[in-house]
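Undergrad: Throw the hints in and build the complete structure from the sequences for me.
So the working numbering is basically just the index in the sequence shown, starting at one, shifted up by 5.
Among these hints, one or two may not hold up.
Unchecked claim - Below 25 Å or equal to it, Euclidean Cα-Cα: the simulated DSS-like pairs (lysine-lysine) are:
{"hint": "1", "residue 1": "52", "residue 2": "90"}
{"hint": "2", "residue 1": "52", "residue 2": "97"}
{"hint": "3", "residue 1": "52", "residue 2": "94"}
Please keep in mind that the hints were generated in silico from the structure rather than gathered at the bench.
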Amino acid sequence: MALTKFQTSQKVTNKTGIEQEETLLNESAARETSLNLQILELENESKQLRHELERVRNERDRMLQENSDIGRDKSDNEADRLRLKSELKDLKFRETRMLSEYSELEEENISLQKQVSSLRSSQVEFEGAKHEIRRLTEEVELLNQQVDELANLKKIAEKQMEEALEALQGEREAKYALKKELDGHLNRESMYHISNLAYSIRSNMEDNASNNSDGEEENLALKRGFEHRTQIARWHQM
6 MALTKFQTSQ
16 KVTNKTGIEQ
26 EETLLNESAA
36 RETSLNLQIL
46 ELENESKQLR
56 HELERVRNER
66 DRMLQENSDI
76 GRDKSDNEAD
86 RLRLKSELKD
96 LKFRETRMLS
106 EYSELEEENI
116 SLQKQVSSLR
126 SSQVEFEGAK
136 HEIRRLTEEV
146 ELLNQQVDEL
156 ANLKKIAEKQ
166 MEEALEALQG
176 EREAKYALKK
186 ELDGHLNRES
196 MYHISNLAYS
206 IRSNMEDNAS
216 NNSDGEEENL
226 ALKRGFEHRT
236 QIARWHQM
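TA: If you want it as structure tokens, here you go:
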């Protein structure tokens with residue numbers, strides 16, 4: 006469930022990222038085209054203004070020369086001079102403004118080119134991230150398969166262990182019953198032999214009371230045998 010949510014979220018994120026990137030690229034391309042057109046228009050206008058300025062200057066020079074040649078009235082010449090000066094000032098102002106706008110457009114164009122380069126670099130990184138996500142998804146699927154296989158193997162091992170424990174428990178119970186039966190049989194047989202041995206020892210001790218040291222050693226051996234059998238009987242009772 007967590008993997009499915011992760012994959013769904015990743016797909017939505019990837020799709021949103023791609024759409025945003027395409028939108029940015031389209032907007033950047035449209036803006037770059039518009040700026041290039043404005044730059045061309047401003048360049049043409051600047052050329053026209055320069056030609057116009059040159060024409061006005063030529064016209065001014067011509068008119069000044071004509072005024073000088075024909076000797077027009079000083080007031081008229083001054084008025085024309087002031088008018089031409091005003092026009093020249095206006096043209097210079099327009100030229101300065103257009104050059105400033107042209108410089109700003111150049112800077113904006115450079116900034117847009119940097120943004121486009123950055124977006125292309127981001128696209129490369131995004132493709133690499135998609136490839137890495139695809140690889141990790143395949144690894145997760147493989148790990149899930151391995152987990153399922155291990156779970157199945159664990160179930161089989163647990164079942165085999167349970168069967169082995171049941172068999173071992175049955176074997177222990179059978180051994181315990183057999184040992185209990187054998188212990189009972191040995192206890193009965195040991196008590197029977199012990200009673201016979203005790204009776205025999207008492208008889209031998211009474212018959213051999215006057216014998217030599219060899220007889221005493223024999224009695225000692227019989228006592229040791231009796232004690233040994235008694236210990237065996239006690240061990241089986243435990």
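Undergrad: For each hint, tell me whether it holds in the structure or not.
TA: Results of checking the hints against the structure:
Our distance criterion of 25 Å between C-alpha atoms is met by residue 52 and residue 90, whose separation comes to about 20 Å. Distance check on the hinted pair: residue 52 and residue 97 sit about 13 Å apart at the alpha-carbon level, within 25 Å; holds. Annotation: proposed proximity of residue 52 to residue 94 holds, straight-line Cα distance about 17 Å (limit 25 Å).
The structure fails none of the hints (numbered hints given earlier).
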